[in-house]
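Each residue of the sequence shown is one higher than the last, beginning at 0 in numbering that gives the first Met the number 0.
Please note: incorrect hints may appear among the correct ones.
[Stated by the list, open to error] Calculated cross-link-like contacts (lysine-lysine; reagent style DSS-like; alpha-carbon spacing at most 25 Å):
1) K27 <-> K74
2) K51 <-> K27
3) K130 <-> K74
4) K52 <-> K134
5) K52 <-> K6
6) K10 <-> K110
7) K80 <-> K52
8) K51 <-> K72
9) K72 <-> K130
10) K27 <-> K69
11) K10 <-> K57
12) K51 <-> K10
13) K57 <-> K72
[As the list claims (entries may be wrong)] Derived DEER-like restraints, expressed as beta-carbon distance ranges:
14) K69 <-> K27: 32 to 38 Å
15) E16 <-> Y132: 30 to 36 Å
16) E147 <-> R19: 23 to 29 Å
17) K74 <-> A22: 30 to 36 Å
18) Q24 <-> P58: 21 to 27 Å
19) V99 <-> T64: 31 to 37 Å
20) S90 <-> I60: 19 to 25 Å
21) G100 <-> N54: 40 to 46 Å
22) A78 <-> D122: 35 to 41 Å
23) V99 <-> D122: 31 to 37 Å
24) Y132 <-> K110: 33 to 39 Å
25) D148 <-> L37: 38 to 44 Å
These aren't lab readings, by the way, just hints derived from the structure by calculation. Beta carbons are placed, not taken as given, at the ideal position from N, Cα and C, and that holds for glycine.
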Amino acid sequence: MTNAVCKSHNKSWVIIETCRLHAIQRNKTILNVMVNFLHPTNSVSMRVQILKKANGYKPWIFDVTFDACKFIKDKSNKAVKVIFDLFKDFSSLNHTCPYVGTNGILGFYPKADRLSVPMPTGDYLLLMFWKFYNKLQFETNVYFTFVEDF
Numbered sequence: 000m001t002n003a004v005c006k007s008h009n010k011s012w013v014i015i016e017t018c019r020l021h022a023i024q025r026n027k028t029i030l031n032v033m034v035n036f037l038h039p040t041n042s043v044s045m046r047v048q049i050l051k052k053a054n055g056y057k058p059w060i061f062d063v064t065f066d067a068c069k070f071i072k073d074k075s076n077k078a079v080k081v082i083f084d085l086f087k088d089f090s091s092l093n094h095t096c097p098y099v100g101t102n103g104i105l106g107f108y109p110k111a112d113r114l115s116v117p118m119p120t121g122d123y124l125l126l127m128f129w130k131f132y133n134k135l136q137f138e139t140n141v142y143f144t145f146v147e148d149f
C-alpha cells in the first residue's frame, strides 16, 4: 500500500479518527482506519471500485454498489465477497446493523492468497464510498501497488 486518504462528508454523523498507513517491515505496510459513527445507522450502502493506473486511474475489474447491512446477513454478492474476505479478519464492521460508535480496520495488510481474482502487476486504487440513508457520509481511498509473484 502506498497511500490512504479518508474524507468525512458529514462531520455531524461521522468523525474519522485514524486513516493512515504504518510501515512495519521494509516490504510490509499495514492500514489503520478508525471511524466514529455518532448516530446509530441501520441503512448503509457502499460503492466499491477498483481502478488501475494507466495514464490516470481507469476502471478496472468492478464497480459495485450494494446494501452493506443486507450483505453482512447473507454474503450472496460474489464481487463484494472478494473485497470482504480481504478485510474481514481486520475489521470491526463484520456484524449486522446497526453501526454506532468507533468501528474500523486495524492492522490490515493484503495477502495474495486471500485474493481470489488474478491481478496483473500495476498500481491500483480501491475507492469506497459509504452512504447512510442514501446520503454520502465518508469515503476511503487506498492506493496500492501489486506485483505478480511467480
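Quick rundown of the hints versus the structure:
no. : hint                      : result
1   : K27 <-> K74               : violated, 29 Å
2   : K51 <-> K27               : holds, 21 Å
3   : K130 <-> K74              : holds, 19 Å
4   : K52 <-> K134              : violated, 29 Å
5   : K52 <-> K6                : holds, 21 Å
6   : K10 <-> K110              : violated, 33 Å
7   : K80 <-> K52               : holds, 23 Å
8   : K51 <-> K72               : violated, 30 Å
9   : K72 <-> K130              : holds, 18 Å
10  : K27 <-> K69               : violated, 33 Å
11  : K10 <-> K57               : violated, 30 Å
12  : K51 <-> K10               : violated, 30 Å
13  : K57 <-> K72               : violated, 32 Å
14  : K69 <-> K27: 32 to 38 Å   : holds, 34 Å
15  : E16 <-> Y132: 30 to 36 Å  : violated, 22 Å
16  : E147 <-> R19: 23 to 29 Å  : holds, 27 Å
17  : K74 <-> A22: 30 to 36 Å   : holds, 32 Å
18  : Q24 <-> P58: 21 to 27 Å   : violated, 32 Å
19  : V99 <-> T64: 31 to 37 Å   : violated, 23 Å
20  : S90 <-> I60: 19 to 25 Å   : holds, 21 Å
21  : G100 <-> N54: 40 to 46 Å  : holds, 42 Å
22  : A78 <-> D122: 35 to 41 Å  : violated, 21 Å
23  : V99 <-> D122: 31 to 37 Å  : holds, 36 Å
24  : Y132 <-> K110: 33 to 39 Å : holds, 34 Å
25  : D148 <-> L37: 38 to 44 Å  : holds, 42 Å
Hints 1, 4, 6, 8, 10, 11, 12, 13, 15, 18, 19 and 22 from the earlier list are contradicted by this structure; the remaining hints agree with it.
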